[in-house]
Amino acid sequence: MWKWLESRIRLQSTWRHFLEERLPERTGWPHVFGSILLALIGLQFLTGLLLSFVYSASPPGAYPSVRYLMEQLPGGAWLRSLHYWGASFIIVFVGLHLIRTFLYAAYRRPRELTWIAGLLLLLCILAFGQTGYLLPWDQRSYWGTAVTLRIIETVPMLGPKIASLIRGGASLGALALSRFYAIHVVALPMITTLLVIAHLALLRRYGITAPWSRTGEEGIRKIPFYPYQMTRDSIGILIVFLMLFWLAGQLYAPLDAPADPTDTTFVPRPDWYFLFLFQLLRYFEGKWEIIGTFVLPSIAILALFLLPFMDRNPRRELRYRPVAMLILLVSVSAWGWLTYSAVDEMPKPRAGQRPPGILPPRAERIKRPSEVGGLYVLKQKCFSCHSMTEMGSRLNLQTLVRNRFPTGATWFERHFQENGIQTTLGDREVEELMSVLRLVAGNRPDLLYTIPPKARFGAHFFYNSSCGSCHKIDGQGGEHPRVTAPDLTLRLLRSKEWHIKHIHDAQSVVPKSKMPPFFHYEGFEYDALAEYILYLHT
Amino acid sequence: MDRRKVLARIVQFVSAAIGALFVLPVIAFIRGSSSAGRDDGFDPIAKIGDLGEEVTRVSFARLIRDGWMVRTIQEYVWVRKKPDGAIVVFEPHCTHLGCAYSWNQTNQHFECPCHGGKFDKDGNRLAGPPPRPLDRYELKMEGNQISIGKILKA
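Sequence order for the protein chains is A and B. Heads up: the first sequence at position 376 corresponds to 376 in the working numbering, and the numbers run straight through without jumps. Heads up: the second sequence at position 153 corresponds to 153 in the working numbering, and the numbers run straight through without jumps.
Derived by calculation from the structure, the hints in this document are not laboratory data. Quick reminder that beta carbons are idealized off the backbone N, C-alpha and C, glycines included. Among the clues, some could well be false.
[Said to hold, decoys possible] Examples of chain A residues toward chain B, derived with CB under 8 Å:
no., residue
1, 48
2, 64
3, 73
4, 74
5, 75
6, 77
7, 79
8, 83
9, 85
10, 223
11, 228
12, 231
13, 234
14, 245
15, 246
[To be verified] Within a straight-line C-alpha distance of at most 25 Å, the following computed DMTMM-like cross-link-like pairs (lysine to aspartate or glutamate) qualify:
no., chain 1, residue 1, chain 2, residue 2
16, A, 514, B, 142
17, A, 501, B, 43
18, B, 118, B, 43
19, B, 140, A, 497
20, A, 512, B, 138
21, B, 47, A, 474
22, B, 47, A, 497
23, A, 501, B, 122
24, B, 118, B, 66
25, A, 496, B, 66
Kindly generate the complete structure, drawing on both the sequences and the hints.
Here is the structure:
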């Protein structure tokens, strides 16, 4: 069978031929970037394929499907983060690859086309980044893309036409999303594959440029690609992959609130590799804007394409190419400086500052009844004097509790007495306050603001009505020695009405249920309990 | 071993290592993304009083988890009320290749249009290629209420 295949399509000999490519003997570590890029692109294809198993490209479907992928599927968050960070890694290694090629002057005769194929690949990769950015259909991607399209509209003459062609109409909606998806997963992968083949075939045909040497290209000894250079390549790939795998496990790809076209407060920011453009636009205003949006980027790209034809310097060693070195230095530092100042000018979130009211993913939410309910008690008992942010001469609550954390019921009693406050706290309320103040003293007090108001009271009621003696939530509760009720962080697919009915009389909806009926609550209490449970479940 | 062989082993080892790092998460992911389905539990379908004939087609709505969606789907079952009052609920697809069969009132048969499978009103195979009698649903009766659970294969 193998022999038959081999005789028909010469698989093995082709592979051998590929492996036995002759390389200049002193080819070394600087030449691993190309192989690393190839491996990273392969990884993007694989992770992209897996993501598209789940992703749904429509405005109502996109966000929930990505959220489902991130929260429900084993390994889903990691795979999406691999895809997300993989894109950034590709940009980094494209940069290194490009600079290495420039330093070796490898774009010169006869390798102009290898260089041009490479530049076209660079454009493809940027297009991948732009189109992929929109797909999660969250605030970040929606508004980011809206700005990109506005930038395209500034292109003279054709701009508005191109923008509306990309959008598929006047507004950013279903058609735009489908188009971006099709370009991202069909058109660009095909074009990229062809360009990669062309890039490699040209590389094979004209060979790689040897490192600088006095003897010139002719007199250099050659060694086969496999296993000498391939060992370096695979070690390089392994190191990069390990870094990427680790990063994807540490920092998940962001997923913002769902896209809201009516929001007026959201400030979009592009991915880090486009930040320099974002910053550049700040320096060109009014009718000069077009210089930043169109003229400068076009000049830069054009210059790169024309480089092999403009560079007439016969020497390759760096010290004989002062102008080229100066251009490289200026471009890299300009890019670095623009990126740095964009990051520097980014507003930094302060502790205790209110986030834009986004419900965080289920896994990150504050769930425990004493903590969620604690916020309710905090509001009732503390906010007449204290606040979460600095107000006038008053210290914020975080600074206060970090300096002097309450010790318990007697502490609160004394504290109220000293300040002339007429109020009392039940035992449970003291526990709730202590729980929530621990969060206030912690690093993410802003997460407290993401708890919907109705859930706070529901949790408070839950905690004070001893629901928690049977039910466990996020490790809290369930102390009852003989009864084990379901853990309420488990996800159930039920409506609010169902939950209200269930609390009222569990057997009416789950006939075999062992949960006793609770007839004696008020209407708003049922409502709040159901809201709290929905907050845990959805 | 010479230098060439050692280097070749390194290349092979590294490729295998990268592959291995990937395999488990990818398998878990693919399995996870295909394990969508209904809630385990019973869904009420009808009240006994609603069943007119001996064999009735009963439609009902069911809440299912469908990937990232939670949605209501319309389903139906064939319900047989025996003369002694016992209830049997049939899964409405032929046990041969899954076509939808229907009830022929005149012949008192369930008939599958695809390959001529025939079943009697208790679901036993009478003719055609089906390998086993009709599948039934696990049943639960609470007073008047009929609820169905898992599919039981004969």
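Each hint tested on the structure:
Hint status for residue 48(A): violated, given a least beta-carbon distance of 13 Å to chain B, over 8 Å. With 8 Å as the threshold, the beta carbon of residue 64(A) comes within range of chain B, its nearest partner Cβ sitting at about 5 Å, so the hint holds. The criterion of a C-beta within 8 Å of any C-beta in chain B is met by residue 73(A), whose closest approach is roughly 4 Å, and the hint holds. Hint status for residue 74(A): holds, given a least beta-carbon distance of 4 Å to chain B, under 8 Å.
With a least beta-carbon distance of about 4 Å to chain B, the hint placing residue 75(A) at the interface is held under the 8 Å criterion. The criterion of a C-beta within 8 Å of any C-beta in chain B is not met by residue 77(A), whose closest approach is roughly 10 Å, and the hint is violated. Taken as an interface hint, residue 79(A) checks out: its beta carbon lies about 6 Å from the nearest beta carbon of chain B, inside 8 Å. A hinted interface residue such as residue 83(A) counts as satisfied when its beta carbon comes closer than 8 Å to some beta carbon of chain B; here the least separation is about 12 Å, so the hint is violated.
The restraint placing residue 85(A) at the interface with chain B is violated, with a minimum CB-CB distance near 15 Å, outside the 8 Å limit. Of the supplied interface hints, the one on residue 223(A) is violated, with its beta-carbon coming no nearer than about 10 Å to a beta-carbon of chain B, more than 8 Å. At about 6 Å, the closest approach between the beta carbon of residue 228(A) and any beta carbon in chain B falls short of 8 Å, and the interface hint on this residue holds. Interface hint at residue 231(A): satisfied, since its Cβ lies 4 Å from the closest Cβ of chain B, which is below the 8 Å cut-off.
The beta carbon of residue 234(A) is positioned within 8 Å of a beta carbon in chain B (closest approach about 4 Å), and the interface hint is therefore held. A least Cβ separation of about 6 Å between residue 245(A) and chain B falls short of the 8 Å threshold, and the interface hint therefore holds. The criterion of a C-beta within 8 Å of any C-beta in chain B is not met by residue 246(A), whose closest approach is roughly 11 Å, and the hint is violated. Of the supplied pair hints, the one linking residue 514(A) and residue 142(B) holds, its CA atoms being roughly 16 Å apart against a limit of 25 Å.
Distance restraint check for residue 501(A) and residue 43(B): the Cα-Cα separation of roughly 17 Å lies within the 25 Å cut-off, and the hinted pair is therefore satisfied. Restraint check: the Cα-Cα separation between residue 118(B) and residue 43(B) comes to about 28 Å, which exceeds 25 Å; the hinted pair is violated. Among the hinted pairs, residue 140(B) with residue 497(A) is consistent with the structure: their alpha-carbon atoms are about 24 Å apart, no more than 25 Å. Between residue 512(A) and residue 138(B) the alpha-carbon distance is near 16 Å, which keeps this suggested pair within the 25 Å criterion.
Proximity of residue 47(B) to residue 474(A) is assessed by CA-CA distance (about 40 Å); at most 25 Å being required, the pair is judged violated. Distance hint between residue 47(B) and residue 497(A) is fulfilled; the C-alpha atoms sit about 22 Å from each other, no more than 25 Å. For the proposed pair residue 501(A) and residue 122(B), the alpha carbon gap of about 38 Å is over 25 Å, so the pair is violated. Annotation: proposed proximity of residue 118(B) to residue 66(B) is violated, straight-line Cα distance about 33 Å (limit 25 Å).
For the hint pairing residue 496(A) with residue 66(B), the CA-to-CA distance comes to about 20 Å; that is within 25 Å, so the pair holds.
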